[in-house]
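Engineer: Each chain is listed here by its residues.
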Amino acid sequence: MANNRSSRAVGVGRVLIAVYAILALGATARSVVQIATKFDVAPVAYLLSGLAGLVYILATVALLGRGDTWYRIAWVTIIFEFVGVVTIGALSLFDAAIFPADTVWSYFGRGYLFIPLVLPILGMLWLRHTRPSRLAGSDIVAPGPAA
Amino acid sequence: MIEWFTGVIIVGAVVAGVLCLALGLAGRIPNDLTLGAMALIELLLIGQVVVSLIAPAVGNHPTGNGLEYWVYLVSAALLPAAAAFWAIIDRSRWSTVVLAVAAFAVAVMVYRMGQIWFVQAA
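Going down the list, the protein sequences come from chains A and B. All residue numbers for the first sequence refer to our numbering, where the first residue is 162 and numbers rise by one. All residue numbers for the second sequence refer to our numbering, where the first residue is -4 and numbers rise by one.
In case anyone wonders, no lab produced these hints; they're calculated from the structure. On a predicted model such as this, the values are computed, not experimentally measured, just so you know. Virtual Cβ for every residue (Gly too), placed ideally from N, Cα, C. Among the hints, erroneous ones may be present.
[To be verified] Simulated restraints on C-beta separations:
{"hint": "1", "chain 1": "B", "residue 1": "V46", "chain 2": "A", "residue 2": "D256", "range": "38 to 46 Å"}
{"hint": "2", "chain 1": "B", "residue 1": "L73", "chain 2": "A", "residue 2": "P204", "range": "27 to 35 Å"}
{"hint": "3", "chain 1": "B", "residue 1": "G54", "chain 2": "A", "residue 2": "L254", "range": "40 to 48 Å"}
{"hint": "4", "chain 1": "B", "residue 1": "G61", "chain 2": "A", "residue 2": "G172", "range": "36 to 44 Å"}
{"hint": "5", "chain 1": "B", "residue 1": "V10", "chain 2": "A", "residue 2": "V173", "range": "19 to 27 Å"}
{"hint": "6", "chain 1": "A", "residue 1": "A257", "chain 2": "B", "residue 2": "I83", "range": "40 to 48 Å"}
{"hint": "7", "chain 1": "B", "residue 1": "D85", "chain 2": "A", "residue 2": "I234", "range": "18 to 26 Å"}
{"hint": "8", "chain 1": "B", "residue 1": "I24", "chain 2": "A", "residue 2": "P261", "range": "40 to 48 Å"}
[As the list claims (entries may be wrong)] In silico negatives: residues of chain A with every beta carbon more than 12 Å from chain B:
{"hint": "9", "residue": "R175"}
{"hint": "10", "residue": "V216"}
{"hint": "11", "residue": "R227"}
{"hint": "12", "residue": "Y232"}
{"hint": "13", "residue": "I240"}
{"hint": "14", "residue": "G245"}
{"hint": "15", "residue": "G250"}
{"hint": "16", "residue": "A251"}
{"hint": "17", "residue": "L254"}
{"hint": "18", "residue": "H290"}
{"hint": "19", "residue": "R292"}
{"hint": "20", "residue": "P293"}
Only chain A is shown next, with the shape it has when bound in the complex:
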């Protein structure tokens, strides 16, 4: 039963999910515009921006979702975002031609008030805080011979 109740869309986590939803909307919509109007300027960056937008959407859904599978998907998507913003943020400092200033991860998300940098950290803290009780319970109460 506990497995069917969303353990992540509760309390302050709802605010986190709302910010994720807005970032997903913003990043996806913007990359669609960029790919439609000036794709040639920086194809790699804009495609990556589009991918980032889709992953933000998936992360939003995963945070809303119930059960262990969505929990794992939430971890994977949020880690992807964190690695992305750190890697692309660093690369954009060195090569502004490949990664111009107007993508979601450039300069560590400066164009988005650094929200892309802060959000995955908050997301990971929140996921740690809301670890599925079934897993936590089996760890503590019954380690079990089968592990």
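Since chain A is already given, all that's left is putting chain B on it; use the hints.
Structural biologist: Frame of chain A; chain B shown alone:
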């Protein structure tokens, strides 16, 4: 786009955001005041849509990318409605904070729209 009207929306959205954030953190669930503030922002944004439709016809053109501008405007106009919808379903203090988040996002997006219309070179 009209400069003072754009300014009114930005200031209004920031005020609404601060109001909702304060009331949300104080533990209030969404009420007439906070939802009313969001309704006001929504009306202002619809006004902005009307202004943006008419402005080019009277010689007031965006200096930047029109498509980018409209994607921002439509996204911004969806936010207060989506946040209010959420607040009506989920009657908790955090929904009031979500209203604040939406209001701040609208402020940032309208500011960005102002840049596209007035500042950005075509």
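Engineer: If a hint holds in the structure, say so; if it doesn't, say that too.
Structural biologist: Against the structure, the hints:
1. As the Cβ distance of V46(B) to D256(A) is approximately 40 Å, the hint placing it in 38 to 46 Å holds.
2. For the hinted restraint 27 to 35 Å between L73(B) and P204(A), the CB-CB distance of approximately 29 Å keeps it satisfied.
3. For the hinted restraint 40 to 48 Å between G54(B) and L254(A), the CB-CB distance of approximately 42 Å keeps it satisfied.
4. Between G61(B) and G172(A) the Cβ separation comes to about 41 Å, which falls inside the hinted range of 36 to 44 Å.
5. Restraint check, V10(B) to V173(A): a C-beta distance of roughly 23 Å satisfies the suggested window 19 to 27 Å.
6. Checked against the hint of 40 to 48 Å, the C-beta distance between A257(A) and I83(B) comes to roughly 45 Å, which is consistent with it.
7. As the Cβ distance of D85(B) to I234(A) is approximately 23 Å, the hint placing it in 18 to 26 Å holds.
8. Between I24(B) and P261(A) the Cβ separation comes to about 43 Å, which falls inside the hinted range of 40 to 48 Å.
9. Non-interface call for R175(A) relative to chain B: violated, since the shortest CB-CB distance, roughly 5 Å, does not exceed 12 Å.
10. Look at V216(A): its CB is around 18 Å from the nearest CB on chain B, clear of 12 Å, so calling it non-interface holds up.
11. Under the 12 Å C-beta cut-off, the non-interface status given to R227(A) relative to chain B holds; the minimum distance is some 16 Å.
12. For Y232(A), the requirement that its beta carbon stay farther than 12 Å from each beta carbon of chain B is met, with the minimum near 20 Å.
13. The Cβ of I240(A) sits about 23 Å from the closest Cβ of chain B, beyond the 12 Å cut-off, so the non-interface label holds.
14. No beta-carbon of chain B comes within 12 Å of the beta-carbon of G245(A); the shortest separation is about 21 Å.
15. Its beta-carbon lying about 20 Å from the closest one in chain B, G250(A) satisfies the requirement of being farther than 12 Å from that chain.
16. Residue-level check passed: A251(A) sits 25 Å from the nearest beta carbon of chain B, beyond 12 Å.
17. For L254(A), the requirement that its beta carbon stay farther than 12 Å from each beta carbon of chain B is met, with the minimum near 23 Å.
18. Residue-level check passed: H290(A) sits 15 Å from the nearest beta carbon of chain B, beyond 12 Å.
19. Distance check on R292(A): its Cβ is at least 20 Å (rounded) from any Cβ of chain B, clearing the 12 Å threshold; non-interface status holds.
20. For P293(A), the condition that its CB be more than 12 Å from all CB atoms of chain B holds, with the nearest at approximately 21 Å.
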